[in-house]
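There are 2 protein chains.
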Amino acid sequence: MRHIDWYKDFVDLKYKPSKTDVVCLFRFEPSDKVSVVEAAGRIASESSAGTWTTLTKLPKTIKKVMATSFEIDGNFAKVAYPIEIWEPGNISQLLSGIAGNIFGMKALENLRLVDVSLPVQYTKHFRGPEFGIEGIRRILKVRKRPITGAVAKPKIGWSAEEHATIAYETWIGGFDLVKDDENLTSTQFNKFEQRVKLCAKMRDKAEKESGERKSALINITGETNQMTKRAKILHDFGFEYAMIDVVTVGMSALQTLREVCHDHNLAIHAHRAMHAAFDRNPRHGISMLFLAKICRLIGVDQLHIGTVIGKLVGTRHDVLDIKNAITSQNNKRFGSLNQNWNNIKPVFPVSSGGIHPGIIPDVLKIMGNNIVLLVSGGIHGHPNGTRDGARAAIQSIEASMQSIPLYQYARSHKELGAALAKWGRLRPQ
Amino acid sequence: MRHIDWYKDFVDLKYKPSKTDVVCLFRFEPSDKVSVVEAAGRIASESSAGTWTTLTKLPKTIKKVMATSFEIDGNFAKVAYPIEIWEPGNISQLLSGIAGNIFGMKALENLRLVDVSLPVQYTKHFRGPEFGIEGIRRILKVRKRPITGAVAKPKIGWSAEEHATIAYETWIGGFDLVKDDENLTSTQFNKFEQRVKLCAKMRDKAEKESGERKSALINITGETNQMTKRAKILHDFGFEYAMIDVVTVGMSALQTLREVCHDHNLAIHAHRAMHAAFDRNPRHGISMLFLAKICRLIGVDQLHIGTVIGKLVGTRHDVLDIKNAITSQNNKRFGSLNQNWNNIKPVFPVSSGGIHPGIIPDVLKIMGNNIVLLVSGGIHGHPNGTRDGARAAIQSIEASMQSIPLYQYARSHKELGAALAKWGRLRPQ
Chain E
1 MRHIDWYKDF VDLKYKPSKT DVVCLFRFEP SDKVSVVEAA GRIASESSAG TWTTLTKLPK
61 TIKKVMATSF EIDGNFAKVA YPIEIWEPGN ISQLLSGIAG NIFGMKALEN LRLVDVSLPV
121 QYTKHFRGPE FGIEGIRRIL KVRKRPITGA VAKPKIGWSA EEHATIAYET WIGGFDLVKD
181 DENLTSTQFN KFEQRVKLCA KMRDKAEKES GERKSALINI TGETNQMTKR AKILHDFGFE
241 YAMIDVVTVG MSALQTLREV CHDHNLAIHA HRAMHAAFDR NPRHGISMLF LAKICRLIGV
301 DQLHIGTVIG KLVGTRHDVL DIKNAITSQN NKRFGSLNQN WNNIKPVFPV SSGGIHPGII
361 PDVLKIMGNN IVLLVSGGIH GHPNGTRDGA RAAIQSIEAS MQSIPLYQYA RSHKELGAAL
421 AKWGRLRPQ
Chain U
1001 MRHIDWYKDF VDLKYKPSKT DVVCLFRFEP SDKVSVVEAA GRIASESSAG TWTTLTKLPK
1061 TIKKVMATSF EIDGNFAKVA YPIEIWEPGN ISQLLSGIAG NIFGMKALEN LRLVDVSLPV
1121 QYTKHFRGPE FGIEGIRRIL KVRKRPITGA VAKPKIGWSA EEHATIAYET WIGGFDLVKD
1181 DENLTSTQFN KFEQRVKLCA KMRDKAEKES GERKSALINI TGETNQMTKR AKILHDFGFE
1241 YAMIDVVTVG MSALQTLREV CHDHNLAIHA HRAMHAAFDR NPRHGISMLF LAKICRLIGV
1301 DQLHIGTVIG KLVGTRHDVL DIKNAITSQN NKRFGSLNQN WNNIKPVFPV SSGGIHPGII
1361 PDVLKIMGNN IVLLVSGGIH GHPNGTRDGA RAAIQSIEAS MQSIPLYQYA RSHKELGAAL
1421 AKWGRLRPQ
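Residue numbers (this note's numbering), protein chains in the order written: chain E, 1 to 429; chain U, 1001 to 1429.
If you're looking for bench data, these hints aren't it; they were derived computationally from the structure.
Don't take each hint at face value.
[Claimed, not checked] Listed next, the in silico DSS-like pairs over lysine-lysine satisfying Cα-Cα at most 30 Å (straight line):
(1) LYS1191/U - LYS197/E
(2) LYS33/E - LYS16/E
(3) LYS1229/U - LYS64/E
(4) LYS1191/U - LYS63/E
(5) LYS1191/U - LYS422/E
(6) LYS1033/U - LYS19/E
(7) LYS1057/U - LYS422/E
(8) LYS1019/U - LYS191/E
(9) LYS201/E - LYS1197/U
[What the hints assert, rightly or not] Here are some chain U residues the structure puts well away from chain E; computed CB gaps all over 10 Å:
(10) VAL1037
(11) TYR1122
(12) GLY1128
(13) GLU1134
(14) ILE1139
(15) GLN1194
(16) LYS1208
(17) LYS1229
(18) THR1256
(19) PRO1405
[As the list claims (entries may be wrong)] Simulated restraints, written as ranges between beta carbons of each label pair:
(20) ALA421/E - LYS1064/U: 30 to 36 Å
(21) SER1018/U - LYS141/E: 47 to 53 Å
(22) ASN75/E - SER1035/U: 44 to 50 Å
(23) LYS1008/U - ASP73/E: 47 to 53 Å
(24) SER1018/U - LYS208/E: 44 to 50 Å
(25) LYS1124/U - GLY74/E: 28 to 34 Å
(26) GLN188/E - GLU1259/U: 21 to 27 Å
(27) ASN1330/U - LYS208/E: 57 to 63 Å
(28) SER1328/U - SER35/E: 56 to 62 Å
(29) GLU209/E - ASN1330/U: 56 to 62 Å
(30) LYS1064/U - ARG138/E: 40 to 46 Å
(31) ASN338/E - SER1403/U: 41 to 47 Å
(32) GLN194/E - LYS1208/U: 39 to 45 Å
Remember, predicted model here, so these are calculated numbers, not experimental data.
From the three backbone atoms N, C-alpha and C, an ideal C-beta is built for every residue, glycine too.
Based on the sequences and whatever the hints tell you, model everything.
Structure follows, in structure tokens:
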């Protein structure tokens, strides 16, 4: 083949993806003067082997490295990529192809990477979660109810000593986990090493007093080697988790830390700060669904996916679709692509952001009980403080799991009553 | 102070930023029912110490960790952050604050991080570029003209042997650099080690024959430790650069590799694949200007910033603003924030994407001669092949620098003539 047309030759509506193809679902809006077919072809071209002009020489094997737009339906196109063009185990390279230059093409007004389907020949080079939902439940010895956690609030400003005291109150109130906020790493007013040390001491005290397992999601976010050192410190102080802001550190460091956490037997709690910079506009960018799948593949054990209700965006449809993608073994739903996860474990979905005891039953109704529920301002803002706040949240979960209306349960549970008095819901809804 | 109002207390229009504050410029659109002032306050709150409800306890030092919206002008707000809340040398943490949760707040319809001004107390913890523009010119022994480079096209599909042969033709045609494409790392059909080895051999041959310095931008994109190994291989084979897809690997790994490249005396060529997922929509996300400043701070030596003309988006205004931000020592322009770069070197701006000999003078008129000019399809598509294509591009640069119209210069330069015959511009414009 002497010449390639850099869009026509990348469209074949009769093509059936092979079992080893990587398949992407894109939503696209062509620019003026660009047809739908040309736009779909250019997406496949620019994200695989394309260029903008005829070339004097071509590789003999060019056909083997070309992607194919094989299904076009309104503003949606499915593109298949030969497995041979992807380096095994290199997520950043995958992104540089299917999520790279194409977002900046003049031929398109808008482009969204909606979903991906990864063949086992691709996924087999990744660990996936070390523990997954079952493993985390085993660690924390919590069988059926949601895992509970709280961030010390305000986000930042507490000293390491104050932080550890708040952690203790949270644990003693009945919570399983305390969590750092996404922008707390190591600062003059709260140094990482000191926070870890003091929290470990308080955790031991809380475990002894409560007879329950207690742990912390301490934020190691930073440069890769710094994170590696911090993960080791967490392990040395007996913590089961490392928390990472996975988007702001990036996928290369996340892959590295996945190995480090394997070596230190640590679960990864993944915060997604910055995701909404590229996933909020439904017409452009990268979907949270895609990001969640990549995080599962690399192997985080817990991932923030939204709350539906609360201070942050995320529709019911989207949040449940993401939940399904990270918890099912073989998922196809709401028009998204099929994904066979094979032996890759499910990720524990995390809901957070503006949750208080008064809305916990609503959150659980939507999300189910197999979630990590972070209630932070919603416990630290309790009129009687953090400990009672945690109790109120636990009571709200109990009521919800027993299908008892909150206002009724609150009659015999004063901490819940005080919470509902502050945040509403004392009467039947 | 017992209570904090999580937006009012984060707005102070009389506040004057201190010399140590980090200052951000945001463009924002409040949701219905949220006032402009409330929206500006919530941005400052959520990106520093805020939460959504009153708290029972507050740190005594809360005031020291709160950000302040101090200037609101239409849809724009400037926010000042105390230096104490940022960990020295931790870019990911900075992003988790000023570019984190705020993009997903329901209180806003859209939010764009337009620009940042970093005080010397922040920038002093970073290396910046190892070589910068002057250092790169010294390495390549090119004084005034643009640095020339080409990607082997198609993007992928060549074997390592074919790749090295194309590199040789590119160099012998007169180009300084050959470059990998963003989605080429190490695959069955073109393994990294083999490509490096064969390109080094061809580079030695080309240098000997031409008497000029020749180098390559070979893509090490991958997991952090993999990149570290590959950087060392590049050094061992005498290359002066490592190429990294900085967005798809992420800022944590880029910081790590900046240290590795320092140890191996390697310049960093930064490809920005994926940037348009979050910087294309002018109403939401993160600007390329911001990303470019962060890349300069960490220390890349060359950065893709757009071409204005060509296949990828980027207005003249935006591209020149970014160019100014990465090349000036003290920049304030087009309404963006002031940035004193102190002793941090300038970054070589890279223009690429759809450039051919016929439009090189237009590109240089906009961008100046102090750029790295990548002409890829525009040389490999030359009717007589890569070597003549490179010659045609060099001739176009010569004509441009001597202010001779291309159609006139082409009369005595047949390679340029053949290029213009293919891509137009044989007559006066």
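Any hints from earlier that this structure breaks? Give me their numbers in increasing order, please. Result: hints 1, 5, 6, 9, 18, 22, 25, 28, 31 and 32 break, sorted rising.
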